[in-house]
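Enquirer: Single-letter residue listing:
2 protein chains.
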Amino acid sequence: MALFAALILTLLPVAAVTDTDQAVADVRSRAEQVHQIIAEALQRGRAMERLTDLCTRAPHRLAGSPGYMAAAEWGRQIMEEDGFDNVRFEWTDAPRWERGSVGRVALVEPASHQAELPMLALGGTIATPEHGLTAEVVVVDSLAEAAELGVSARGKIVLFNGPLDRARVDTFSAYGGAVGQRVGGAQAAAKVGAVAALVRSMTTRIDDVPHTGGMRYAADVPKIPTAAISTLAAEKIAALIAAGEKVVLHFNQNCRTMPDAPNPNVVGDWLGHERPDEIIVVGGHLDCWDVGQGAHDDGGGCCQALEAVRLLKTLGLHPRRTLRVVLFANEENGLAGGRAYVAHHEDELDKHVLALESDSGVFTPRGFTTDANPAARAILDAIAELLAHAGAGRMTTGHGGADVGPLAASGTVLVGYDPDPHRYFDLHHSARDTLAAVNEREINLGAGVIAALIWIVADLEQTLPRNPGG
Amino acid sequence: MALFAALILTLLPVAAVTDTDQAVADVRSRAEQVHQIIAEALQRGRAMERLTDLCTRAPHRLAGSPGYMAAAEWGRQIMEEDGFDNVRFEWTDAPRWERGSVGRVALVEPASHQAELPMLALGGTIATPEHGLTAEVVVVDSLAEAAELGVSARGKIVLFNGPLDRARVDTFSAYGGAVGQRVGGAQAAAKVGAVAALVRSMTTRIDDVPHTGGMRYAADVPKIPTAAISTLAAEKIAALIAAGEKVVLHFNQNCRTMPDAPNPNVVGDWLGHERPDEIIVVGGHLDCWDVGQGAHDDGGGCCQALEAVRLLKTLGLHPRRTLRVVLFANEENGLAGGRAYVAHHEDELDKHVLALESDSGVFTPRGFTTDANPAARAILDAIAELLAHAGAGRMTTGHGGADVGPLAASGTVLVGYDPDPHRYFDLHHSARDTLAAVNEREINLGAGVIAALIWIVADLEQTLPRNPGG
Numbered sequence: 032m033a034l035f036a037a038l039i040l041t042l043l044p045v046a047a048v049t050d051t052d053q054a055v056a057d058v059r060s061r062a063e064q065v066h067q068i069i070a071e072a073l074q075r076g077r078a079m080e081r082l083t084d085l086c087t088r089a090p091h092r093l094a095g096s097p098g099y100m101a102a103a104e105w106g107r108q109i110m111e112e113d114g115f116d117n118v119r120f121e122w123t124d125a126p127r128w129e130r131g132s133v134g135r136v137a138l139v140e141p142a143s144h145q146a147e148l149p150m151l152a153l154g155g156t157i158a159t160p161e162h163g164l165t166a167e168v169v170v171v172d173s174l175a176e177a178a179e180l181g182v183s184a185r186g187k188i189v190l191f192n193g194p195l196d197r198a199r200v201d202t203f204s205a206y207g208g209a210v211g212q213r214v215g216g217a218q219a220a221a222k223v224g225a226v227a228a229l230v231r232s233m234t235t236r237i238d239d240v241p242h243t244g245g246m247r248y249a250a251d252v253p254k255i256p257t258a259a260i261s262t263l264a265a266e267k268i269a270a271l272i273a274a275g276e277k278v279v280l281h282f283n284q285n286c287r288t289m290p291d292a293p294n295p296n297v298v299g300d301w302l303g304h305e306r307p308d309e310i311i312v313v314g315g316h317l318d319c320w321d322v323g324q325g326a327h328d329d330g331g332g333c334c335q336a337l338e339a340v341r342l343l344k345t346l347g348l349h350p351r352r353t354l355r356v357v358l359f360a361n362e363e364n365g366l367a368g369g370r371a372y373v374a375h376h377e378d379e380l381d382k383h384v385l386a387l388e389s390d391s392g393v394f395t396p397r398g399f400t401t402d403a404n405p406a407a408r409a410i411l412d413a414i415a416e417l418l419a420h421a422g423a424g425r426m427t428t429g430h431g432g433a434d435v436g437p438l439a440a441s442g443t444v445l446v447g448y449d450p451d452p453h454r455y456f457d458l459h460h461s462a463r464d465t466l467a468a469v470n471e472r473e474i475n476l477g478a479g480v481i482a483a484l485i486w487i488v489a490d491l492e493q494t495l496p497r498n499p500g501g
Numbered sequence: 032m033a034l035f036a037a038l039i040l041t042l043l044p045v046a047a048v049t050d051t052d053q054a055v056a057d058v059r060s061r062a063e064q065v066h067q068i069i070a071e072a073l074q075r076g077r078a079m080e081r082l083t084d085l086c087t088r089a090p091h092r093l094a095g096s097p098g099y100m101a102a103a104e105w106g107r108q109i110m111e112e113d114g115f116d117n118v119r120f121e122w123t124d125a126p127r128w129e130r131g132s133v134g135r136v137a138l139v140e141p142a143s144h145q146a147e148l149p150m151l152a153l154g155g156t157i158a159t160p161e162h163g164l165t166a167e168v169v170v171v172d173s174l175a176e177a178a179e180l181g182v183s184a185r186g187k188i189v190l191f192n193g194p195l196d197r198a199r200v201d202t203f204s205a206y207g208g209a210v211g212q213r214v215g216g217a218q219a220a221a222k223v224g225a226v227a228a229l230v231r232s233m234t235t236r237i238d239d240v241p242h243t244g245g246m247r248y249a250a251d252v253p254k255i256p257t258a259a260i261s262t263l264a265a266e267k268i269a270a271l272i273a274a275g276e277k278v279v280l281h282f283n284q285n286c287r288t289m290p291d292a293p294n295p296n297v298v299g300d301w302l303g304h305e306r307p308d309e310i311i312v313v314g315g316h317l318d319c320w321d322v323g324q325g326a327h328d329d330g331g332g333c334c335q336a337l338e339a340v341r342l343l344k345t346l347g348l349h350p351r352r353t354l355r356v357v358l359f360a361n362e363e364n365g366l367a368g369g370r371a372y373v374a375h376h377e378d379e380l381d382k383h384v385l386a387l388e389s390d391s392g393v394f395t396p397r398g399f400t401t402d403a404n405p406a407a408r409a410i411l412d413a414i415a416e417l418l419a420h421a422g423a424g425r426m427t428t429g430h431g432g433a434d435v436g437p438l439a440a441s442g443t444v445l446v447g448y449d450p451d452p453h454r455y456f457d458l459h460h461s462a463r464d465t466l467a468a469v470n471e472r473e474i475n476l477g478a479g480v481i482a483a484l485i486w487i488v489a490d491l492e493q494t495l496p497r498n499p500g501g
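From first to last, the protein sequence lines stand for chains A and B.
Heads up, the first sequence is in my numbering, so the first residue is 32 and it goes up one at a time.
Heads up, the second sequence is in my numbering, so the first residue is 32 and it goes up one at a time.
Honestly, I wouldn't trust all of these hints.
Pairs involving identical chains hold if they fit within one copy or between any two copies, as the list cannot separate such chains.
[What the hints assert, rightly or not] Below 25 Å or equal to it, Euclidean Cα-Cα: the simulated SDA-like pairs (lysine to any residue) are:
no., residue 1, residue 2
1, K344, A292
2, K267, E80
3, K254, E276
4, K187, E276
5, K277, D251
6, K382, Q74
7, K254, A47
8, K267, D84
9, K267, R75
10, K187, S96
Hints in this document: simulated from the structure, not taken from any laboratory.
I would like the entire structure built from these sequences, with the hints used as guidance.
Expert: Now the structure itself:
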């Protein structure tokens, strides 16, 4: 008996039950609710139906466009239909850039290889001169290589041809390793005297579909026009140059930037029945590029956020705390919506418990990423365990999403929906991002696991511990 | 010190290093090889290219058809091209059923709802009378309900309308819960005097795409014609009857069964450099239904098996044991290929270490299923840990696959490729099962994790322990 007691004292940690232990036990008591939510999502989920409606009514939703306003009104009406509280527009100024009617990159030399090359102007770029420009191409694989070109780039078109690393399982890290060329290529090329910058499309596919996306000018660097060309087109140019050919392109586009336009975030609450001042945000961004339908990026994320709350309402799972859906404006070319949310809610930021964004495509869920502190992370890990049967048991350290990013400074715990990554960069920012690329079970299951996570966080007896620095 | 010793004796298991421990350590030493295989698969994998070739040359590959022979010769040529040893056809007799030129289900009463209903005859069914049959419909949700119809079914068409349970995360278990109606519906309906059996398509979607599949007659029960109709058509009929309407259908098809035809399994080895008599089988089935292109079911699985070995050859990873690719004949309507493999290799079945099949679609890998004994399972679990970074870290208890199933009795450990299940029954056995539904990264990553698993099992110093009963 003495030996047994000694064993216990030696081997067990101090048995005091902490707040975290209690919260984890609270989470674990909710397995049946989680199964119920996920079954409802798969059986009768409406995320695909809503996304079909959105993408049909407003396929092009770039900031400042009439399409964005159509989408915002659509979102407001859905929130009303679903019985949200305090449905409102929260306004911000958003940039207004238009692609224009002309977009052309043509290979003119060597004469034996003349061809039109699939292209899309990058969001924010200036136009070329009115009838286009014609110049020799120089190819680099990175911003650093462009800087090294020196005077040899003067008067030329710089083609940034650094590929996404297809060998990586995580396509997002492959994108992260290459996208600097798209964002900063025009600056880097202008610094060495180039007249234009082209960039290989940011996709894991080798094909002829061009992918657009945002770019930035710097105040102290001349602005030069820039566009993406397809991966096959980029590889063709690079191969010709590697074979010793002089390659000359004609480049013509008439994009323009107009004065900012007022655009709203669309916000609706489901007030908590016990602690309505404590807020859990769930959202996506409602704007999208002006090609395809923004189905995965990010109409699908918006519909999952709406659907997550609708599922809980349907099941009568009314949480203690307030659930707030935010459909953010202007993620793609400015992030005005994410910043405006923080400005509009400055007086209640310390009551923001968690903000979850779905903006990585609406493919089969694998889990979530989060920046949570250790105590909150233990609770989120326990929630992930309950989602493992749905294939969504992975909780990893990472970001929440671009739109909820500005909430980090307030101490709000951020969570990002983390789906299967393999198809996303096939279609991201391209004409391929359409309803046809979305699967009903996948988007609905994703909405279900999001609903389960926000339900538990919003209904736990203990409030999820906020991050330091808030 | 005495207490400490007592603690150790009390708490630790005997520390002898077992064969299994050594094998697990051997597995764990191979993490770098696994990363190398998976990176090669994603970067330069050829599974999609090969599948495109197969599905373009031989989209319809039903047992006994010219298309099957085209596919078999394609497989033989690929094995030769990739430098396999002992490439050969291993012959079996396979059933030869043809859909025919006529296939029609039409709603004729109530007159206000007349419509053509999307349908596909089930594989193996007899024809209707030459000009079709016209009869009232009675609806049931299961085989048991059909048996209870008694004389009320006499002269009628029985519609089996039991749905797949969409609420289940695992679509394969949903399919398993419903498919008995397709396989046994004609028998059950004939027993109560019906003139035909129709079955709701075995899909998780509610749409107008019919899904075919195998069915069986019994020797002592009259044969009646049978077909699948779309889920929407089945629900429409059921709704009309539930509303009190009498529903009459016209049903016409001219399918026929001809004498068996010789069909080969296509077999090729990569002989092991140290123990060539020990064999690891990897395969899929080369036959498919005569609609769509059999891209996921199971051209994709065949191409993953071929690709897994090609990857290892490309990387110079030549294992101790023999890797054998088998492209099986006649899975869809008979399993003659799986049975013939066992008959052809009777004298070396005790040297079969493991047989892996990919026949659940070529979607993103989640892991594998297996029937392995505990010692073998510990080794497979350690392999799964190495695959977790690729999202394929799940090893669960289950079957290997229909074609490798007959090997179970020999004690061969069976493993099944276990991909994401959500899209499979959208397209299974339907016109939707085409190349357009296959993603290049997904099929290649699957080939990579299969390659990693068979590489390790084939190259371990210790032979994977066989199952009892062999």
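Enquirer: Taking the hints in turn, state whether each one holds.
Expert: Checked hints:
1. K344 <-> A292: neither (35 Å within a copy, 59 Å between copies)
2. K267 <-> E80: between (41 Å within a copy, 20 Å between copies)
3. K254 <-> E276: For K254 and E276, the Cα distance exceeds 25 Å both inside one copy (28 Å) and across copies (72 Å).
4. K187 <-> E276: Intra 15 Å, inter 76 Å, cutoff 25 Å: intra-copy only.
5. K277 <-> D251: neither (31 Å within a copy, 79 Å between copies)
6. K382 <-> Q74: Answer is neither: 34 Å inside a copy and 46 Å across each miss the 25 Å cutoff.
7. K254 <-> A47: neither (63 Å within a copy, 71 Å between copies)
8. K267 <-> D84: between (40 Å within a copy, 24 Å between copies)
9. K267 <-> R75: between (48 Å within a copy, 18 Å between copies)
10. K187 <-> S96: Cα proximity of K187 and S96: none, with 33 Å in one copy and 59 Å across.
Hint check: violations occur at hints 1, 3, 5, 6, 7 and 10; the rest are consistent with the structure.
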